[in-house]
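Residues per chain are reported as follows:
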Amino acid sequence: MSEVLKIENIYKRFDELVVLEDVSLSVNVGEVIVIIGPSGCGKSTFLRCLNGLEEIQEGKVILDGEVINPVSKSTIKSREKLGMVFQNYDLFPHKTILQNLTLAPGVVQKRKRTETEEEAVNLLKRVGLENKKDNFPRQLSGGQKQRTAIARALIMHPEVLLLDEITAALDPEMVREVLQVVLDLAKEGRTMVIVTHEMEFAKAVADRIIFMDGGKIIEEGKPEDFFKAPKTERAQKFLQSFSY
Amino acid sequence: MIERLGFDVLFKGSNFIRLLEGLGIALRISIISVVISIVLGIVVGMLMTIKNPIIKAITRIYLEIVRIMPQMVLLFIVYFGATKSLGINLTAETASIIVFSFWGTAEMADLVRGSLISIPVIQYESSAALGLTKIQTYIYVIIPQTIRRLIPLSINLITRMIKTTSLVMMIGIVEVLKVGQQIIEANRKASPNAAFGVFATVFLLYFLACWPISQFSKYLEKRAI
Chain B
1 MSEVLKIENI YKRFDELVVL EDVSLSVNVG EVIVIIGPSG CGKSTFLRCL
51 NGLEEIQEGK VILDGEVINP VSKSTIKSRE KLGMVFQNYD LFPHKTILQN
101 LTLAPGVVQK RKRTETEEEA VNLLKRVGLE NKKDNFPRQL SGGQKQRTAI
151 ARALIMHPEV LLLDEITAAL DPEMVREVLQ VVLDLAKEGR TMVIVTHEME
201 FAKAVADRII FMDGGKIIEE GKPEDFFKAP KTERAQKFLQ SFSY
Chain G
1001 MIERLGFDVL FKGSNFIRLL EGLGIALRIS IISVVISIVL GIVVGMLMTI
1051 KNPIIKAITR IYLEIVRIMP QMVLLFIVYF GATKSLGINL TAETASIIVF
1101 SFWGTAEMAD LVRGSLISIP VIQYESSAAL GLTKIQTYIY VIIPQTIRRL
1151 IPLSINLITR MIKTTSLVMM IGIVEVLKVG QQIIEANRKA SPNAAFGVFA
1201 TVFLLYFLAC WPISQFSKYL EKRAI
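Going down the list, the sequences are from chains B and G.
Just so you know, we're using our numbering here: the first sequence kicks off at 1 and counts up by one.
Just so you know, we're using our numbering here: the second sequence kicks off at 1001 and counts up by one.
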């Protein structure tokens, strides 16, 4: 398997506070990695380090052989290869759904409008929102907004998709429609790094589970092994906290 | 009826034309001040978002001075004070434009600052995640959203500036309200009821000047977002 994203011994500190401590990970093409762990364990920060939204103090993040973090000029160029969807709705409120999709490919990749619009409509069809293309984000439900955000990330043809707790702010009945889209992407062989609190979803979608706590990777393994018999005590405790 | 309410004086001689001319002067002072305030206000407002303690302190003091000082006091300081103590010979109109721009710039800057910082961080981050550069983020994402928030607020400021120009008669400018007073004075004997008719007309003229502006703002508010 060929490696697309490599994280080498990264450290992230906010002043005195150590958020990530010596974290290393390598992501192969077509692999779906799901990161779980208690709140505040550094998993979202870790994801944000991958595309340089957070600067790291030590170590390296390498995408396709190019250093993306520590942040430099080439980071901006590399970011288009890393699609990201956030927990809080991040659509551009002043643009229609279609324009939300076509803005970045037009501005960043200088692609033709006719071409990006066609692709945008196709992507919206895939996530079931082609009839919303002329609406504004505020007219959409939370689940529809997140599906739009996924489509907006996909139109850039990213090599890796980073999903940061994308269902955490949603009403429960909308979680499924969003996760279904992600499951479909996984089936197509998309490379993804996902942070989530939905354990059933993690089980279903992951090729590899990463369990983080206290800014470190505590355990990693195949989902069937990890969820059935976690090796570390901390992971056991964490999983127990989900059953009543 | 017309006489009892004192509207008759308006039809005497060139009274009505004089009122319109007075309105013209008021509008000229406010339009020039508004344009200066918007341009300088945008610059100062952007400066205010920079995290530099010196810039912060200066803009803070400026804003507080404008908020605390009655505009009339500012007018007196600039018109009478500058002429006497600095030996600068300002016309009353220049003095009022300076004062109104000084005031308007501060208010506009605060609006610009407020609109800029009200854009959520996630807008910057999601733009960055899509590969947009800082400049592209401002051009396509941040500034359009800021302008949409700014339009209704700044139009409110513009109408307030137009209304406040009635103060300039205190430094001898014959604008619409002053013309009205003169007309009433001159016709005290012939039409003692002139006050109501003249002031009502002045009210109507201000209304006609400001109403379209606030309607325009409503239209923009609906269309935007």
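Note that these hints are calculated values from the structure, not bench results.
Even for Gly, the Cβ is constructed at its ideal location relative to N, Cα and C.
Among the hints, erroneous ones may be present.
[Claimed, not checked] Below, a list of computed lysine-lysine pairs in the DSS-like style, where the Cα atoms sit at most 30 Å apart: (1) 1051(G) with 133(B); (2) 1134(G) with 81(B); (3) 73(B) with 1218(G); (4) 112(B) with 1218(G); (5) 95(B) with 1218(G).
[What the hints assert, rightly or not] The following label-pair restraints were derived from C-beta to C-beta distances: (6) 214(B) with 1052(G): 48 to 56 Å; (7) 1138(G) with 118(B): 46 to 54 Å; (8) 64(B) with 1120(G): 28 to 36 Å; (9) 1212(G) with 118(B): 41 to 49 Å.
[What the hints assert, rightly or not] Sample of chain G residues at the chain B side, in silico, Cβ under 7 Å: (10) 1013; (11) 1125; (12) 1130; (13) 1133; (14) 1141; (15) 1144; (16) 1147.
Hint-by-hint comparison with the structure:
1. For the proposed pair residue 1051(G) and residue 133(B), the alpha carbon gap of about 39 Å is over 30 Å, so the pair is violated.
2. For the proposed pair residue 1134(G) and residue 81(B), the alpha carbon gap of about 18 Å is at most 30 Å, so the pair holds.
3. Proximity of residue 73(B) to residue 1218(G) is assessed by CA-CA distance (about 43 Å); at most 30 Å being required, the pair is judged violated.
4. At roughly 36 Å between alpha-carbon atoms, residue 112(B) and residue 1218(G) are farther apart than 30 Å, so this suggested pair is violated.
5. Taking the CA atoms of residue 95(B) and residue 1218(G), the gap is near 20 Å; set against the 30 Å cutoff, the hint holds.
6. Distance hint for residue 214(B) and residue 1052(G): a CB-CB separation of about 37 Å, inconsistent with the stated range 48 to 56 Å.
7. Between residue 1138(G) and residue 118(B) the beta carbon distance is about 29 Å. The supplied range of 46 to 54 Å is therefore violated.
8. Between residue 64(B) and residue 1120(G) the C-beta distance comes to about 31 Å, which sits within the given range of 28 to 36 Å.
9. In this structure the supplied range 41 to 49 Å holds for residue 1212(G) paired with residue 118(B), their Cβ-Cβ distance being about 43 Å.
10. Interface restraint check: residue 1013(G) against chain B, minimum CB-CB distance 54 Å, threshold 7 Å, status violated.
11. The restraint placing residue 1125(G) at the interface with chain B holds, with a minimum CB-CB distance near 6 Å, inside the 7 Å limit.
12. Hint status for residue 1130(G) relative to chain B: holds, with the closest Cβ pair at about 4 Å, below 7 Å.
13. Against a cut-off of 7 Å between C-beta atoms, the interface hint on residue 1133(G) holds, since the closest Cβ of chain B lies about 6 Å away.
14. For residue 1141(G), the interface hint holds, the least distance from its beta-carbon to any beta-carbon of chain B being 6 Å, beneath 7 Å.
15. Because the closest C-beta pair between residue 1144(G) and chain B is about 5 Å apart, less than 7 Å, the hint holds.
16. With 7 Å as the threshold, the beta carbon of residue 1147(G) stays out of range of chain B, its nearest partner Cβ sitting at about 9 Å, so the hint is violated.
Taken one by one, the earlier hints fail for this structure at numbers 1, 3, 4, 6, 7, 10, 16, listed in ascending order.
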